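The residues making up each chain are set out below.
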Amino acid sequence: MLFSSFEFIFIFLPLSFFIYFFLLEKRLTTGAKGFLVFASLFFYSWWNIAYLPLILSSMLFNYVLGNSLNENFKKVRIHKQTLLTFGIVANLALLGYFKYTDFFLENFNLLFDGSIPLLHLALPLAISFFTFQQIAYLVDSYRQETAEYDFLNYSLFVTFFPQLIAGPIVHHAEMMPQFASKWNLVKNYRNIATGLFIFSIGLFKKIVIADSFATWATAGFDHTEVLNFIEAWSTSLSYTFQLYFDFSGYTDMAIGAALLFNIKLPINFNSPYKALDIQDFWRRWHITLSRFLRDYIYIPLGGNRKGSFRTYTNLLATFILGGIWHGAGWTFVFWGFLHGMALVFHRFWKNLGFTMPKLLAWFITFNFINITWVFFRAKEWEDALKVLNGMLNYNNHFQSYEKYFYEISFIIIGFIIVLFFKNAMELIKFSPTKGKIYFKPTILFSIFSSFIFVISLYFMFTTKSSEFLYFNF
Amino acid sequence: MKNMSQYKKFILYFFLFSCMAVFILPITNIYIDRYRVFNAVINHKYDTYYWRKDGKWEFNHNDRIIPMSFLLNNKHKFDSFIFGNSKIGDMDVRQLGPTWYKLNYNSANMTEHLHNAKLLIKNINVKNIILTVDLEYFYDLELSTQYKKSVYPSNTLAWFYFYRKYLFKRIDTKDINFLFHKDYNIVQKTDYFIRTKSNDNRLFIASNSHLKHVNKLTGLRYKETTFVDNKISKTLSMIKELKFICKQKGINFTMLFVPFHYKNMLQANPNVINHIKKELVSIDSFYDFTLPHNYLVNNAFWRETFHYTKALNDDIIRKLKHEDEICPKFGTLLTPKNIDLKLKESFSLYQEILPSLLQKDQQFFPHPLFKKKTNTPILSINSDKIRKNCLNYYLVKENK
Chain A
265 MLFSSFEFIF IFLPLSFFIY FFLLEKRLTT GAKGFLVFAS LFFYSWWNIA YLPLILSSML
325 FNYVLGNSLN ENFKKVRIHK QTLLTFGIVA NLALLGYFKY TDFFLENFNL LFDGSIPLLH
385 LALPLAISFF TFQQIAYLVD SYRQETAEYD FLNYSLFVTF FPQLIAGPIV HHAEMMPQFA
445 SKWNLVKNYR NIATGLFIFS IGLFKKIVIA DSFATWATAG FDHTEVLNFI EAWSTSLSYT
505 FQLYFDFSGY TDMAIGAALL FNIKLPINFN SPYKALDIQD FWRRWHITLS RFLRDYIYIP
565 LGGNRKGSFR TYTNLLATFI LGGIWHGAGW TFVFWGFLHG MALVFHRFWK NLGFTMPKLL
625 AWFITFNFIN ITWVFFRAKE WEDALKVLNG MLNYNNHFQS YEKYFYEISF IIIGFIIVLF
685 FKNAMELIKF SPTKGKIYFK PTILFSIFSS FIFVISLYFM FTTKSSEFLY FNF
Chain B
-4 MKNMSQYKKF ILYFFLFSCM AVFILPITNI YIDRYRVFNA VINHKYDTYY WRKDGKWEFN
56 HNDRIIPMSF LLNNKHKFDS FIFGNSKIGD MDVRQLGPTW YKLNYNSANM TEHLHNAKLL
116 IKNINVKNII LTVDLEYFYD LELSTQYKKS VYPSNTLAWF YFYRKYLFKR IDTKDINFLF
176 HKDYNIVQKT DYFIRTKSND NRLFIASNSH LKHVNKLTGL RYKETTFVDN KISKTLSMIK
236 ELKFICKQKG INFTMLFVPF HYKNMLQANP NVINHIKKEL VSIDSFYDFT LPHNYLVNNA
296 FWRETFHYTK ALNDDIIRKL KHEDEICPKF GTLLTPKNID LKLKESFSLY QEILPSLLQK
356 DQQFFPHPLF KKKTNTPILS INSDKIRKNC LNYYLVKENK
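In the order they appear, the protein sequences are chains A and B.
In this note's numbering, each residue carries its 1-based index in the first sequence increased by 264.
Position 180 of the second sequence, counting from 1, maps to 175 under this note's numbering, and the rest follow consecutively.
The shape of chain A in the complex, shown without the other chains (with noise of 0.2 Å):
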């Protein structure tokens, strides 16, 4: 169930939300998590009711290994290490299984001359996010900082359908607090108003926005071939907006529609857009992401604790596994060497004490960015190259820019939101130290609101909306 479709917005949403307080009214507590748990495997079996097996013994597997892992449960004799271990590998086969064995079989193939056929599965909704989520948890808790969690609120933490499907990618030690607090089983009005402010912004975001660039990124990646120069870089820039708008749009969504049951989220964007370099965008882009790979993969490869050299091959190794974490490509793993490169060449500046003008620095981090996005977007090698060859190349034949008016007009708007406007987070003056929320809700943000919510239902009515991109990762 997308979150930008009617039955999601005026039938489960209206539903789930209802029904959970009227069963925490009836003072049913477990109960109302027990639904909360059922609604959102029935959010998850909506896309293909084949894969709730899967997540639900991913689910049940973890808990209890983690449970093992922790050092209140004594019973347990194996090597700790050995159980983790074992714990991680499982969890990565099974992502591995689905998502990467074409692309192993493809190159297996391709360098041994071989021919095994591909097993062309269907790479089941939300695995890279509930399987990073849950190692992470067990990695927590073979360092003992995981609490003796009980299933049900364990279940609510992995299958809460405002993250289920494409993050953020939460984690435990601040979700888990939040489904044990009493004081977040009672309507909160403050929080009903915020999250139907952000809902609308995510809405409005993915329905009007992404989904117009969406076309124009479409058709050029589609026509690769013939792009000339105003094309291509439309082409590019309309897949770095739509990414931007779906994949943000996605998450004020999930952080609207998990704070009317007074659970807040993890920001996930903070107009990464507007950063001056690499590192900043990483620290603004996808941040609980990031977060995951510098916890998990980059501090225990050493970080930078072993010397600038170890610092910096830790650095391309991190990106590398981002870059094949969002998809079974060499153009994923490109992009993220791509982006592990300019980590290392921005921390060796940096040392070196360099700097540059504001303007200079934004441009070329935007420009890298949207350049790279072009092998992030692109199916092969080919088409990436086509359209740089597009973009580079100013002498290609085009007709007159009034072709093109709609798409550069949408580009300058996009920039100007992306450049100039705040964020949903600034909006409602989100602390994401304190966890706390400053929003004022005044008369203008209520028709303000209203009135995005009406224009994304308007175009709901008439268009269809497209998945949102990171569903495929």
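I should point out that these hints are in silico values taken from the structure, not numbers from a laboratory.
Take these hints with a grain of salt, some might be off.
DSS-like mimics (lysine-lysine), calculated; alpha carbons at most 25 Å apart, straight line [to be verified]: (1) 242(B) to 273(B); (2) 667(A) to 169(B); (3) 3(B) to 700(A); (4) 693(A) to 3(B); (5) 528(A) to 3(B).
Sample of chain B residues facing chain A (criterion: CB under 8 Å; computed from the structure) [as the list claims (entries may be wrong)]: (6) 3; (7) 159; (8) 165.
These numbers come from a predicted model, not from an experiment.
Glycine is no exception: its CB is placed at the ideal position from the N, C-alpha and C atoms.
With chain A fixed as given, assemble chain B onto it according to the hints.
Positioned in the frame of chain A, the structure of chain B alone reads:
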């Protein structure tokens, strides 16, 4: 507490403003009603269509919903229906009787016909149904989702989708132009039987521009890959279902195969056409107007290779009424007994005249199964005299 009431107000205003805003679009759409789906019943605007100010005609109204809406609101006016597509657009069904109604729409298919027939039978005391069968029905089965082609809703859920679709249609520049009659003159016809002007020569004899058009066309409509077995059988089963319903309800059911220009007829695989006809005859005997005839090989009776002139439609009516046709031997009743013989005859006749047809038109690509055999002149099917008589008849009639 003061803060809480502020949040409550915010939520209240959010829903209030949203509800208000949500209703603006439906109201505007009802007011403009470009497809005439909301006002169809009230004003009986059956034949509302638009002449653009640049002189070109543009089809905009929904030609599926409007007549159905009209019929269901005038249940006692009609009891006999002829179903078809744009080919029977010029057919004057009043010749069959005052209670006959022509339910045709462009690019119609069998799914739509069955849908509408079921609705009519459910709501009206239907006595006669004539189904005009076209080859198009055997590869185009889908109900259209276009605004001007959606079918009349048949149940509550369909009505829900209908309102969702038309009430929340995005307003575009065309709507604004309609609202202010900027690019269009809206023509409302009160006569719902005949769509085109009665003094239009094109009704009977193709104009010079039509003839040019026909000659230019190479008849590429039916390719070898056009017809797929499962679609053919689905259409046949729908026809069977309609026949079954008619039998159950005691409704007279007649079926006819509409005429085809020779370029289209000979381009299609004859085995496929014969298979369809044999299956059709197993459902019911039917009038076949595709068998070789002067009408089909003479461009004078065609607007292009798909749409024929009113002359053919008039003779079809005469055939159905068992009256003498203007051009004799047009249309043959195919029955299980005679079908093999007739199809064989038809095939050999086409084979015979093929060389002459090819001589007449170099840009014509008949199916390989129609092997060249002899060099029989085209007019061996009908005498030259009859042909001239036919043409004269209509020319004289039109001049009067």
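Hint by hint, here is what the structure shows:
no.	hint	in the structure
1	242(B) to 273(B)	holds, 20 Å
2	667(A) to 169(B)	holds, 20 Å
3	3(B) to 700(A)	holds, 19 Å
4	693(A) to 3(B)	holds, 19 Å
5	528(A) to 3(B)	holds, 20 Å
6	3	holds, 5 Å
7	159	holds, 7 Å
8	165	holds, 4 Å
Comparing the model with each numbered hint stated earlier shows that all of them hold.
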